[in-house]
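Q: Line by line, the protein sequences are chains W and D.
Sequential numbering from 1 applies to the first sequence in the numbering used here.
Sequential numbering from 1 applies to the second sequence in the numbering used here.
Incorrect hints may appear among the rest.
Some residues of chain D that are not near chain W, with every Cβ distance over 12 Å (derived) [what the hints assert, rightly or not]:
#, residue
1, Glu7
2, Glu25
3, Ile42
4, Val61
5, Asn66
6, Asp111
7, Ile118
8, Arg256
9, Leu281
10, Val293
11, Ile334
12, Glu337
13, Asp356
14, Glu408
Under the rule of at most 30 Å between Cα atoms (straight-line distance), these lysine-lysine pairs were calculated in the DSBU-like manner [stated by the list, open to error]:
#, chain 1, residue 1, chain 2, residue 2
15, D, Lys208, W, Lys11
16, W, Lys87, W, Lys406
17, D, Lys47, W, Lys55
No wet-lab data here; the hints were simulated from the structure.
Virtual Cβ for every residue (Gly too), placed ideally from N, Cα, C.
Number of protein chains: 2
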Amino acid sequence: MVVKINENYLKLKSSYLFVEVARREAEFIKQNPDANVIKMGIGDVTKPLVPSVVKAFSEAVEEMGNADTFMGYGPEQGYEFLAQAIKDDYKKYGVDIDTSEVFISDGAKCDTGNIQEIFGIDNKIAVTDPVYTVYVDTNVMAGRTGEMKDGVYEGLTYLKCNAENAFIPELPSEPVDIIYLCYPNNPTGTTLTKDQLKVFVDYAKENKAIILFDAAYEAFINEDNVPHSIYEIEGAKEVAIEFKSFSKTAGFTGTRCAYTVVPKQLVGYDSEGGEVEINPLWSRRQTTKFNGVSYPVQKAAEATYSEEGQKEIRQVIDYYMANAKIIRESLSDIGLEVYGGISSPYIWVKTPNNMDSWAFFDLLLNEANVIGTPGSGFGPSGEGYLRLTAFNTLENTKEAMDRISKLEF
Amino acid sequence: MVVKINENYLKLKSSYLFVEVARREAEFIKQNPDANVIKMGIGDVTKPLVPSVVKAFSEAVEEMGNADTFMGYGPEQGYEFLAQAIKDDYKKYGVDIDTSEVFISDGAKCDTGNIQEIFGIDNKIAVTDPVYTVYVDTNVMAGRTGEMKDGVYEGLTYLKCNAENAFIPELPSEPVDIIYLCYPNNPTGTTLTKDQLKVFVDYAKENKAIILFDAAYEAFINEDNVPHSIYEIEGAKEVAIEFKSFSKTAGFTGTRCAYTVVPKQLVGYDSEGGEVEINPLWSRRQTTKFNGVSYPVQKAAEATYSEEGQKEIRQVIDYYMANAKIIRESLSDIGLEVYGGISSPYIWVKTPNNMDSWAFFDLLLNEANVIGTPGSGFGPSGEGYLRLTAFNTLENTKEAMDRISKLEF
């Protein structure tokens, strides 16, 4: 006997997309130390926490220093005060959830990565292509795929999204049990209307499948017919888990708070076909492997729902969305095909002249000193695209667009 | 096709130990609304964060509200400033680690729960008995055990620890690949000397096994020959992962910060017997499924290592350990057998007259209005014991001991 590693890890591609981006950036800066490089690649925010949030956060830290108000272990699922604020927020969209359906965590990345643990290893998984790589990699690690061949993992179903189908994924052509959907989409910035999303909800109901719906970018929605929650679709509570985050909504990328909604109606099946409720399974997972979010962070998150907090975070989102508009319009004006950026901080740019993603990346880096993210890093259907984000400053965004506008393709 | 749940979850005992404790407590209070119940059960701290920590925590929150000092996504493995402080702290015990071997997280519960993911499903696992249930449950969930029978899971190796062997576990009689050890121990409060721990390190080296060493209670050690880190044992870096936490050390149970050390020398094996380094596997796990600890929390944790911070947290630990001494001596004085409580905040009490754990729990609750934790909840070898903790106030601890001292067994 010797200790065996989880060999599924060996199937993973060793180099992470953003590592290669950083390597090329560093190389460029080394060669061009005076270049003013503008980063529009990684989806990190730049605006600070808003005043209401800082106030609540600070006050809670003070509480932690006082014996009368000190908080030790909290509920693994999060404090009721925050779950209640989240429940109330859902009412804006006509969605009624119970606080026992809300699981507060330290990140949607963690939750979308961990959620697969409560499902059997033999489920068939579908993801959109291109895709947020966490959905794929965590299933590879768990052993739900074979090896990678030609950029795709064996055993995984990829739902193609590109300009030809207007970024609307078709239903899986082979039966699947679990479908990951992220809308507004990362990386393409595109959305689904209620009717388009309903097609997937209906599919899941018919096929006893489950949709894992990542709504991390919900706050950026500017279109009326785009749902803020999958639960706006009739019957979705029977088939969907929803993930939301304070990261992009309220600048919590370095503060860490998110939540997952697991409806009580949602069921999976045991090997004899018996129904098993999913909510207690996730609860068991979280109570066993997680110990709750830092109390001051939960108080900070609660403050985003105050009247003042809502106003303040709205201003920040509007700031980023003004950048998105500038990017979209500037690139359209010079004849590039652009997608997203209307209800999303991401703009998905078709490369000119059928250039491949990395060639366009290199061109923007070398000629305009602007960093994007090569679309091919998000999956084979991302080839020929590049992602730009609206999270930089207004000044840098304008400067980047000026430089790109002067290029000749 | 239908969505299948992870059926391993169905093997878990549905009622968690502390849920049943809380149920009996609530029932008692309902019947005796005027009783002054003293809780010495759950291992949560009661003292607030110390001033140095509150100061650093508050300042970092202010930084988050300022555009010039705002922090977005940090490294998933934690900031270098905290890893460096941890590295320096290890020098106290003559242990040299590299910051790339330190992985900062939001809890030792999370890390000891998640670590098994990077190992193959067919490893043979050993735990001490009694045991911190997270080690067991997370392996059950992953499918490394059969069903539970007579209080033990099939396929798991239990290393008995009780008064007969002075709580020194014997080496596994059947070969195992992974051994969980927690010293100072939760729940028994007992320790291993360097020589006793070396026996396990030597076993692991000979058998190409790995030790998962939970040192969450290291700060409570008061004995010279008890190692603060498994890496004080020669060769341990080749066979051990170590988990440490700010929870009990610095009152971070509600603040959330911990870390795991994965030495570069540590290897596991693929199915063809090839060596695979463990450090990059854990790094890959953390970068894929985790997004780092809240920046202000990491600054708060760093402050525990300042001169002032060390002095302040030492005072808090001394306070709890004075309680431990009172508990040990009071119970010894009335003829009870007590273990632990010297280098640990936990006191493990042998029930009088061969009473079972729950009977003794009920007796203390009904007759002294004191809540402990029944030892049987930690595994079959915990039967006939009860755990008390030193984390209550001095006043409550004295009052509880006064009441128990008046009982007749």
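Q: The structure should be examined with respect to each hint, and the outcome stated for every one.
A: Verification of the supplied hints:
| no. | hint | in the structure |
| --- | --- | --- |
| 1 | Glu7 | violated (6 Å) |
| 2 | Glu25 | holds (16 Å) |
| 3 | Ile42 | violated (7 Å) |
| 4 | Val61 | violated (5 Å) |
| 5 | Asn66 | violated (6 Å) |
| 6 | Asp111 | violated (9 Å) |
| 7 | Ile118 | violated (5 Å) |
| 8 | Arg256 | violated (5 Å) |
| 9 | Leu281 | violated (6 Å) |
| 10 | Val293 | violated (7 Å) |
| 11 | Ile334 | holds (30 Å) |
| 12 | Glu337 | holds (30 Å) |
| 13 | Asp356 | holds (26 Å) |
| 14 | Glu408 | holds (34 Å) |
| 15 | D:Lys208 - W:Lys11 | holds (24 Å) |
| 16 | W:Lys87 - W:Lys406 | violated (49 Å) |
| 17 | D:Lys47 - W:Lys55 | holds (24 Å) |
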